[in-house]
Amino acid sequence: MKFVSIAIKGIKETTRDRRGLAMLLIFPMAFMLVFGLAFGGMDGDNVPHEIAVLNYDTGTTLHYNNTEQINFGNNFTQLLKGLKYEDGNTHLFHLNNVSGKKAENMLMNEGIACIIIIPENFSDAMGAMINNMVRTEVTSNIGEMIVGMNVTERDTAKFGLKNYPMDYALPEAENITAKLIIKGDTGYIGFGMVQGIISGILEHYKNEVKSRAKKEIPARFRKEKQAPDNFISSKVEGVSGTEPFTTFDYQAPGIIVFALLLLVVSVATTLAREVEKGMLERLKISKMKSFDLLFGTLIPWTLIAIAQVFILFLVALAMGYHWQGGSASLFLAIVIGIIGGISSVSLGLLVAAFSKSEKHASTLGMIIAVPISFVAGSFFPLPKAVIGKFFGKAFQVYDILPWTHTASALRSVLTFGSGLGGIVYHIVMMIILTIILFTLGVICFSRTRMRAER
Amino acid sequence: MADAEEYVIETQDLTKKYNSFLAVDALNLKIKKGEVFGFLGPNGAGKTTSIKMMVSLLKPTSGRVLINGEKIGKAEKGKIGVCPQDLVIWDDLTCEENLYFMGDMYEVPRKITKERVKKLLGDLKLFDKVKTLAAQLSGGMKRRLNLAMALIHDPEILVLDEPSVGMDPQSRLVLWDYIQSLSKKKGKTVILTTHLMEEADRLSDRIAIIDHGKLLLLDTPENLKKKIGRGDIIEMQLSNTEMNKKVVNLMKSIKGIEEVNEIKGRVSVRALDAVSKLPKMIDSIEKIGINILNTSIRRNTLEDVFIYLTGRGLRE
Numbered sequence: 000m001k002f003v004s005i006a007i008k009g010i011k012e013t014t015r016d017r018r019g020l021a022m023l024l025i026f027p028m029a030f031m032l033v034f035g036l037a038f039g040g041m042d043g044d045n046v047p048h049e050i051a052v053l054n055y056d057t058g059t060t061l062h063y064n065n066t067e068q069i070n071f072g073n074n075f076t077q078l079l080k081g082l083k084y085e086d087g088n089t090h091l092f093h094l095n096n097v098s099g100k101k102a103e104n105m106l107m108n109e110g111i112a113c114i115i116i117i118p119e120n121f122s123d124a125m126g127a128m129i130n131n132m133v134r135t136e137v138t139s140n141i142g143e144m145i146v147g148m149n150v151t152e153r154d155t156a157k158f159g160l161k162n163y164p165m166d167y168a169l170p171e172a173e174n175i176t177a178k179l180i181i182k183g184d185t186g187y188i189g190f191g192m193v194q195g196i197i198s199g200i201l202e203h204y205k206n207e208v209k210s211r212a213k214k215e216i217p218a219r220f221r222k223e224k225q226a227p228d229n230f231i232s233s234k235v236e237g238v239s240g241t242e243p244f245t246t247f248d249y250q251a252p253g254i255i256v257f258a259l260l261l262l263v264v265s266v267a268t269t270l271a272r273e274v275e276k277g278m279l280e281r282l283k284i285s286k287m288k289s290f291d292l293l294f295g296t297l298i299p300w301t302l303i304a305i306a307q308v309f310i311l312f313l314v315a316l317a318m319g320y321h322w323q324g325g326s327a328s329l330f331l332a333i334v335i336g337i338i339g340g341i342s343s344v345s346l347g348l349l350v351a352a353f354s355k356s357e358k359h360a361s362t363l364g365m366i367i368a369v370p371i372s373f374v375a376g377s378f379f380p381l382p383k384a385v386i387g388k389f390f391g392k393a394f395q396v397y398d399i400l401p402w403t404h405t406a407s408a409l410r411s412v413l414t415f416g417s418g419l420g421g422i423v424y425h426i427v428m429m430i431i432l433t434i435i436l437f438t439l440g441v442i443c444f445s446r447t448r449m450r451a452e453r
Numbered sequence: 000m001a002d003a004e005e006y007v008i009e010t011q012d013l014t015k016k017y018n019s020f021l022a023v024d025a026l027n028l029k030i031k032k033g034e035v036f037g038f039l040g041p042n043g044a045g046k047t048t049s050i051k052m053m054v055s056l057l058k059p060t061s062g063r064v065l066i067n068g069e070k071i072g073k074a075e076k077g078k079i080g081v082c083p084q085d086l087v088i089w090d091d092l093t094c095e096e097n098l099y100f101m102g103d104m105y106e107v108p109r110k111i112t113k114e115r116v117k118k119l120l121g122d123l124k125l126f127d128k129v130k131t132l133a134a135q136l137s138g139g140m141k142r143r144l145n146l147a148m149a150l151i152h153d154p155e156i157l158v159l160d161e162p163s164v165g166m167d168p169q170s171r172l173v174l175w176d177y178i179q180s181l182s183k184k185k186g187k188t189v190i191l192t193t194h195l196m197e198e199a200d201r202l203s204d205r206i207a208i209i210d211h212g213k214l215l216l217l218d219t220p221e222n223l224k225k226k227i228g229r230g231d232i233i234e235m236q237l238s239n240t241e242m243n244k245k246v247v248n249l250m251k252s253i254k255g256i257e258e259v260n261e262i263k264g265r266v267s268v269r270a271l272d273a274v275s276k277l278p279k280m281i282d283s284i285e286k287i288g289i290n291i292l293n294t295s296i297r298r299n300t301l302e303d304v305f306i307y308l309t310g311r312g313l314r315e
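Top line first, the protein sequences correspond to chains A and B.
Taken in order, the first sequence gives residues 0 to 453; the numbers are from numbering that gives the first Met the number 0.
Taken in order, the second sequence gives residues 0 to 315; the numbers are from numbering that gives the first Met the number 0.
Rather than coming from a laboratory, the hints here were simulated on the basis of the structure.
Glycine residues also receive a C-beta, built at the ideal position from the N, C-alpha and C atoms.
Among the hints, erroneous ones may be present.
Chain B side only, calculated, beta carbon under 10 angstroms to chain A, not exhaustive [as the list claims (entries may be wrong)]:
1. Ser55
2. Leu56
3. Lys58
4. Phe100
5. Tyr105
Taking the hints into account, I'd like the entire structure generated from these sequences.
This is the structure:
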């Protein structure tokens, strides 16, 4: 397993070369600190997110002694309309009152961040959810059989159920499901921000509805309490994602991408040094194969990429970064970092293949890596430059770079709290582009450096 | 003629061309098993290019290299060990880590590598530096580690490209003893390139002198000195060095003089039975009114042979 020996050698050399390690870890950390200080404390641009709500909900009737008509779709829409940022008077969303077609057009032009489509059976599903909850709650105390028998007061005394003079039949448990759709472009930063917030609000709303219904159970099933007229009402509470969003929250994942791109310089200079000092010649006459060298090189740099993601994430948190995900998001971020790291190693191979010396590789690596970090949207959002459609998504000119997807995916999971489902497109694109880049790197490096000179 | 098995390396019309520049011109060499083969030539003569082709780091334009009668590409990797002129060691690894790493690259089992590391570091007087980072070694120690790394896989053939550059006399002696023991005790074939004529003379069983990519001469050091530098060398320092040229021409006119040159401000005359010719030489110089400050007679050396064959023009 020669590649393992090469990897171990690489790890030893990297950890013992303090200057190189500082360049890889401390330099981006300093960047994170500076950006955190400069932009972390600023009030973000707390402007309402432009969205459209298409409410097709037909409403439902809640069956109790007083029949209550309710439209949960309207209720949820009003809730969204009324939500404000946690520290201010600015509304969180501006709801555009437009048709479905117009909303689609606005979405394509990034005029709105997303479309929320409330299905026609939304209220039925919410009602079913309440009914199921009520049944569970009531029967867990007195048993479904007894309640269903419409027992008299005498009977309840007989069963020791003095406090449950039930004059209601239990609601029917229906199996109705509805899917609220949050539609948008996963490659668009605006969508990345709102989809996490709206998902959080919906969860919160469902819990609130259940909680309120639960509170009404004693009143409904005991005569001494008067049932309220309106079963569902809304209350605005801050949910995850409504804190002031700062520029630093956008930049922090970008700085991680910048650090990953610095691997290009390190990998290129390390390999160019091995070529320049004749180390590669020494290895070429041994039994080492190209595979051993390239995979042995990949392993230590991938470990560095993991360390970079983790350390920079901690520094970002210390600088006030608003992390929206849980531990799973950190795991996803590390996976994204590994793929991004491999992309950088691949580009490093390409740079080393065409560098005449270590110094040349360092300069060339910098010339390539630094502009890429800007073009990949690490530090600021990029202007629209759509060149076509790919997998039904607008494909921008920057999307040919794997690091654009690395930045978007890191933002999605760390800043907006998306799960794996929200970044599948970026992960797939990163893998495809990294495979292409790695193959190119391996071919060029093997041809120019691993074969006998001509 | 010797059997093919006797030669471990054979080059057949080995040629390397870079555009119009002919770096190696149809080189034909046969290197015997177990010999120390000196490979001499001025800078840019084509030594390194030839060696790179011999170890398959460079593709020849034409011709071929045979290792034990097999074409170089097909020969099993690991038969050759190369100790390059430049220090090719990993500075951030310790001495033993460098050696273990190279052992792994040659697929030497760890147990065997462990024994060899101990032996090599002991033989090359580096045993107390086992755990020392290569970066912290002295120049001579680095050179010895460089050599140890070429030997960790116990190669049949060892190529040493100017191995003693930058070494102090003590380190050089350790190295020379070790090279001799490799050849004489262990039967290794050693190809040695050097600019130190003393080193080549002392260590080599046979010496090839090349220039402009062409093999000029190949023989034992003694035979080379006999063939090219017949006789002894008389060196004279004149009172007026401006007259050196005139004296050189005068000496050329004396019968029995093999070669006359001006070297470092002195007139150097090579002649058979030089002692008997010395009075006549002094007499003819004094007759034209030139005083001789001092005179010395010495035996012909390999350096004289080398200079005779390759000339005095500076290279590179």
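These are the hints, each one checked on the structure:
1. A least Cβ separation of about 6 angstroms between B/Ser55 and chain A falls short of the 10 angstroms threshold, and the interface hint therefore holds.
2. The interface hint given for B/Leu56 holds, since its Cβ lies 6 angstroms from the closest Cβ of chain A, which is under the 10 angstroms cut-off.
3. Because the beta carbon of B/Lys58 sits about 5 angstroms from the nearest beta carbon in chain A, less than 10 angstroms, this interface hint is met.
4. Restraint check, B/Phe100 versus chain A: the minimum CB separation of about 5 angstroms is within 10 angstroms; hint holds.
5. Interface hint at B/Tyr105: satisfied, since its Cβ lies 5 angstroms from the closest Cβ of chain A, which is below the 10 angstroms cut-off.
Every hint, counting from the list given before, is met by this structure.
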